[in-house]
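Please model the entire structure based on the sequences and the hints provided.
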Amino acid sequence: MSALLEIVGLEVAYGPSQVLFGIDLTIAEGEAATLLGRNGMGKTTTLRALCGLQPVRAGSIRFAGERIDGWRPDRIGRAGIALVPEGRQCFPNLTVDEHLLAFQANRRGVAGPWTPARVYELFPRLAERRKNLGNQLSGGEQQMLAIGRALVTNPRLLVLDEATEGLAPLIRDEIWACLDRLRGAGQSVLVVDKYVEKLIALADRHTIVERGRVVWAGSSAELDADHAIWHRYLGL
Amino acid sequence: MAFHRSAPWQPVAALVALLALGALPPLLDAFEQSYYLGLATRMLIFALAASSLNLVLGFGGMVSLGHAAFLGIGAYVAAICHQAGIQQGLLVLPLAMAVAGLFALLVGAISLRTRGVYFIMITLAFAQMVYYLFVSASAWGGDDGLPIYERLQLGSFSLASDAALYYTALGALALAMFLFGRLAEARFGRTVQAIRENETRMEALGYPVFRYRLVCFALGGACAGLAGALLANQSGLASPSLLQWTQSGTLLVMVIIGGVGYLYGGVVGAIVLLGLEELLLSWFAHWHIVLGLLLLGIVLFAPKGVAALFGRSRD
Amino acid sequence: ADQIKVGFVSTLSGPGAGLGVDIRDGFQLAMKQLNGKLGGLPAEVLVADDQQNPDVAKQATDKLLKKDKVDFMTGIVFSNLMLAVGPAVFQNQTFYISANAGPSQYAGEQCNPFFFNVAWQNDNLHEAVGKYVQDKGFKNVVIVTPNYPGGKDAVSGFKRYYKGQVSEEIYTKLGQLDYAAELAKVRAGKPDALFFFLPGGMGINFVKQFVAAGLSRDTQLFAPGFSADEDVIKAVGAPMMGMFNSSHWAHDMDNAENKRFVAAFEKEYGRLPSLYASQGYDAALMMDAAVRDVKGNVADKKALQKALEAKRFKSVRGDFKFNSNHYPVQNYYLRVIGKDAQGRVTNKTMGTIFTNHADAYVAQCKMK
Amino acid sequence: MTDNLLEVAGLTRRFAAVEALKAVDFAVAAGEVHALIGPNGAGKTTFIHHLSGALLPDAGQIRFAGRDVTRLSMHERVRAGMARSYQITNVFLGLAALDNVALAVQGRPDAGSSFRFWRPVRREARLFDEAREFLAQVGLAAKAATLAGNLSHGEQRALELAMALATQPQLLLLDEPMAGTGPEESARMVELIEHLARHVTILLVEHDMDAVFRLADRISVLEGGELICTGTPDEVRNDAGVRRAYLGDHL
Amino acid sequence: MTQLVLEQALNGLQFGLMLFLLAAGLTLVFGIMDCINLAHGSLYMVGAYFVAAAAQAADSFWLGLGAGVAGTAGLGLLLELTLFRQLYRRDHLSQVLATFALILIANEAVRLIWGPAPLMLNPPEALAGPVEIGGFFYPAYRLLIIGCGLAVAALLYLLVAKSRVGMWVRAGAANREITEALGINVRALFTAVFVFGAALCALAGGLLGPLLAVQVGMGESVLILAFVVIIIGGIGSIRGALVGALIVGAVDTLGRALLPTLLSAVLPADAASTLGPALASILIYLLMAGILFFRPQGLFPARA
Ligand SMILES: Nc1ncnc2c1ncn2[C@@H]1O[C@H](COP(=O)(O)OP(=O)(O)OP(=O)(O)O)[C@@H](O)[C@H]1O
Ligand SMILES: Nc1ncnc2c1ncn2[C@@H]1O[C@H](COP(=O)(O)OP(=O)(O)OP(=O)(O)O)[C@@H](O)[C@H]1O
Ligand SMILES: [Mg+2]
Ligand SMILES: [Mg+2]
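Chains U, A, F, Z and L supply the protein sequences, listed in that same order.
Note that our numbering numbers the first sequence so that position 30 is 30, with each residue one more than the last.
Note that our numbering numbers the second sequence so that position 147 is 383, with each residue one more than the last.
Note that our numbering numbers the third sequence so that position 231 is 782, with each residue one more than the last.
Note that our numbering numbers the fourth sequence so that position 201 is 1120, with each residue one more than the last.
Note that our numbering numbers the fifth sequence so that position 106 is 1276, with each residue one more than the last.
These are computed hints drawn from the structure, not numbers from a lab.
The C-beta atom is built at its ideal place from N, Cα and C for all residues, glycine as well.
Among these hints, one or two may not hold up.
Ranges between beta-carbon positions, derived for each pair [claimed, not checked]:
id, chain 1, residue 1, chain 2, residue 2, range
1, A, L545, U, S17, 18 to 28 Å
2, L, S1434, F, A911, 19 to 29 Å
3, L, G1317, F, K890, 32 to 42 Å
4, A, S270, Z, D1029, 53 to 63 Å
5, U, P16, Z, A1061, 16 to 26 Å
6, U, R72, A, I346, 38 to 48 Å
7, F, G740, L, E1295, 28 to 38 Å
8, U, G15, F, R822, 53 to 63 Å
Here are the computed lysine-lysine pairs in the DSS-like style, where the Cα-Cα straight-line distance is at most 30 Å [unchecked claim]:
id, chain 1, residue 1, chain 2, residue 2
9, F, K714, F, K872
10, F, K865, F, K917
11, A, K540, Z, K1062
12, U, K131, Z, K941
13, F, K862, F, K852
14, F, K687, F, K899
15, F, K818, F, K588
16, F, K853, F, K620
17, L, K1332, U, K131
Derived, one-sided and incomplete: chain L residues facing chain U with beta-carbon distance under 8 Å [what the hints assert, rightly or not]:
id, residue
18, E1295
19, M1337
20, A1344
21, E1347
22, V1356
23, V1413
Following this line, the structure appears as structure tokens:
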């Protein structure tokens, strides 16, 4: 089976300062993968480049058989990659309802797609705030909304950048459970987060970056077995 | 954006420019081009006015579209003093600054409650009010304006000759630029620049943001008032057209052309714009098209203004 | 001198540009007919735009005076600009031949040997309307004008000759767009005549809205000539028909000079000349005659002044003479807007309101 | 209690349909680390906003160091000795890290007025020396010259804290200081806060329970705008209501 | 008397809706795309000229209006593709400078093409005169403007506040990157909005042409009024623009109708006749300053 996402030798720079020096990452259809690393190592930058938000200096990104580096972000979005961005980035001038309505799509025609109603089921808290504008939500509510907003596009690949940041423990568990269910239903996911134990339980494969380079990649079992890696690269 | 900081060569360049400008009147005289002295004086005065706006806009981050009001008030103070027979510049010029500055204080006290475009428009509104008031004030000439037949005295030094006025304008500008330069690097300047960047954060650091902005706004207004008084003496007239919103727009354009937040942005902008006008005006009847295209070129290819092209005077 | 230089500063951009352009075109037409010469000497006309801004006008004038050292100045349309440039021109002892602006200051106390007005004094056209409205026995008049000195002057000019009842003086904002509120007041006041002085686009807006409101049925509209000239007619068209106005000139005036001028202007520019164009044309003729009179010796200011005062040219408006304040003493006519023989909407001369009329300020002028 | 540094009585606030705070009574004793926890949307940030002066209450009173500060403006409260860090990073991105902190030092009442027009700040060595110390405290000494905008997320959070510290508050309001920091930084942040706690009173809002239970002397739980419990970490951990509403199986 | 009051009320409404027609496009481009377009007034002017020229050529007002609106939309497209596209991401000051330059160019280009004299644009014959409503006469054409204003208001409200396209536009305005990452082609969307705004400008220019002078510089005086309207209403809010326009219309009309009379009742005639008109002309600016003093974000802030 060919990979859904295949990143090879990705290099990215912010102006003159290069931050990625050749990232390789592969995700198969239906797989959950993670990107791990300390603060400032280039996780977010990788995801931004993947979504077309940062120009790629060298390397290639293939998604569902097509070369997508160089595409405009909206085209990548429509091709089926949805991002839950770092820092939530909800729209201050759209209500909760509108966030979900505006981006609802089912381009692949999946059965039982995510709809606003299902998102409200997942996060009842949001339902209570449906008329609030994006900046009239608590931090955690915004995080829920950012996840919901990505879900209703019914993406082929869901990309979450620190999506549990600022969530209460109970809700965080909800998210893990939800991601688990999604994966069970064949959704491919790429996660950046700091709760390594949870991620080992959730994901199939892990990639650790350090200063813009991949320093370790392997399966959950391998990562679980070698706590020295945790200590060395993740500071645990 | 970072704090303003003079490049090491800047004071030297400024001094050289000052000396060159000081030599201008005799040079023009020698080549029988003394007409250009008037143009040069005008450039200096507008450089002062634009720099005062740059203080408010570039350093304080307050986009005021009513700056012409302060310029105009300064001009009218000079003309009204003339009408009343007061010719002593040592009295009139500070008075013009004081009146313009106080008015700016009032406008600022109300306007600074708003932000962004709302601020732009409320300052414009005040300028429009002043404009309409002067247009209908028949005691001060209304639409015809109030003429000044005789220029000021500075102590016993008369500004009647064009060279005298030129040196006065040059002195005022040089002094203002020196003071602005100091101010920008002193605590006050850093404070307003930081407020420009992030106002709530400054508030949360314990700064009474409103007060700093207001003082900055009033300082800008006072300097514009000085420029206005000089301008009225140069052109021999204080007229409501000085108060029109297009005049505020022109000042704004000068600052943007020159480079917002660059110490010499206002000066460069005033010289470039007035120079272009002078060049094009005599050359092509539809010169506005050319000017417009040039301005577009500046936006697209020198987005930080002309001053930014000369090395870094910031960051 | 072996060459005559004329400085022409006028409003050539902005909303008021139409007037300046007409003056310029009239002036240039005369220059063309004079083969580019004034009084037989080759002449150069240096044109500058004042953007209807006193500061810019002052700047441009200074340049022409000091750099180009012109012999004559002309061109300014608006009084406030004239007042701004006047002092510098007079101080430089250069003759200003005004082809339009005729501020009362220069007619009265501040009259100056170097200032000549070849058009009229501002109040004259208002006075003529006032006289006519008075003579025709209108009983109840409303006046509409902007709230600035020019507007106040118009009112006093009109009232100098109209002695009946003015039921309302409405002062509007300078540059106002919509006159519905004023028109409602007019409707409520039921006047039999309405006199307005609204320069430029304001006048166009007003007339259009006046007609659309149906007020033209009961109220006769009056204006000074410059609110009802070709430029305004071109913008309003048929609704202007039937409006009365006053002028010292009209394109249908029956004299040889005028016929020649109108025909040549139409041929050259493809439109009817306005009164501004006629004034520009006359200004050139006046310079030409004076230079010829002094045999090109324009350096002799006294002689040149005498020559200018003597008025040795034939004006397209017919005969007139200069008063002691260098403003014209001339006839003022009543015009009405209607269709001419070719079906164009334009002004038609109806009769004479004043003959040899002078302005009200000449007594204050100490110049002899 | 008389040695309460902060006392809040009956604090109430509505946003249109949402009653975000319902007559909250609350106190922080001088010298303690007091954690405020609760589900998302419980009103914690809103509460902090009221303390810092970013929002004004519909009803209720806030007393700080024996003084009524309910109606004081933000900067007046900072000057009275309350400083905050933001939930969403809020630093001067265009300035070097050192300049960020120096601004905070300069804003302090004891640093003198900022209405000074003449002397370049550059020459005020004291400001920068102090700023460097604060940077060192949060482990950013090496990054002093880096533009804040070029710091990573975690580094920016640390900078944020250094700025709050530099105002030398009596009470430090921390809204989710661990948010977005990796495990290593989190651990350092916890150490840092422990260290700070020796000098200043801290009110901490945080969802990282490891950190909360390690740091807090007392914990208050907010839910739906109401204070449902206040007590020692052990009391809170064993409170059934808190477990149901917030903690779940954690800890 | 009641008739006069009624008529003035209608005048206020009509003036307000006229301002709304102008402000609508401005608030779209400005509030939603966060682009200060000083050249909005120039598009209005060019639109009016297109309509007037086309109406003269076709000898029909309605044909002229259609052609003029289409032509201006085309010009808008051209401008967006070549210039504005680059401006959205720039700061407000660059936008001010660039669009100020456009004003200069537009004014001069129009003068080059059509000459300095104003152009004629008359209402269609059927609407030229007054009609009788409830015992008094009112210009038919002004009723048309009232109708158009209300229709445009309704259309815009549905489009911006209720449609998905409206949501995308607002989202794109607030955070372009994320909106794009969610699959929306913000670039094309903004182009469409800008073109639509230009068409609205031409509609306003064409509809107001028969009432106002079609001349060079007509855009600038109107621009300020339109800005006042959207500022009072709250930038980016269609509802705000409508309410702001109606308030400005009413206050300005009432001020002009009543102030001089009121003042002459309390002040000596001389002072009243000087002060009255002066006060009336600054009334809307006073109003704006007053409203902003109490509500610094305007009446209906689009973003809290
Ligand atoms: N806009 C930018 N300009 C310049 N450098 C940047 C920019 N954004 C990030 N960087 C730098 O790029 C590096 C990688 O940043 P990135 O945000 O990808 O890290 P990260 O792994 O997501 O970290 P974190 O866990 O803190 O979110 C960092 O060193 C950061 O300082
Ligand atoms: N400006 C506002 N308008 C309307 N509702 C608001 C506004 N600000 C906050 N709210 C609501 O008030 C409630 C309290 O919000 P707050 O931000 O205080 O929560 P919090 O406890 O900090 O949550 P979190 O842990 O998720 O950050 C939330 O439900 C939020 O939706
Ligand atoms: Mg990151
Ligand atoms: Mg919160």
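Hint by hint, where does the structure go against what was stated? Just the numbers, ascending. Of the numbered hints, 18, 23 do not hold.
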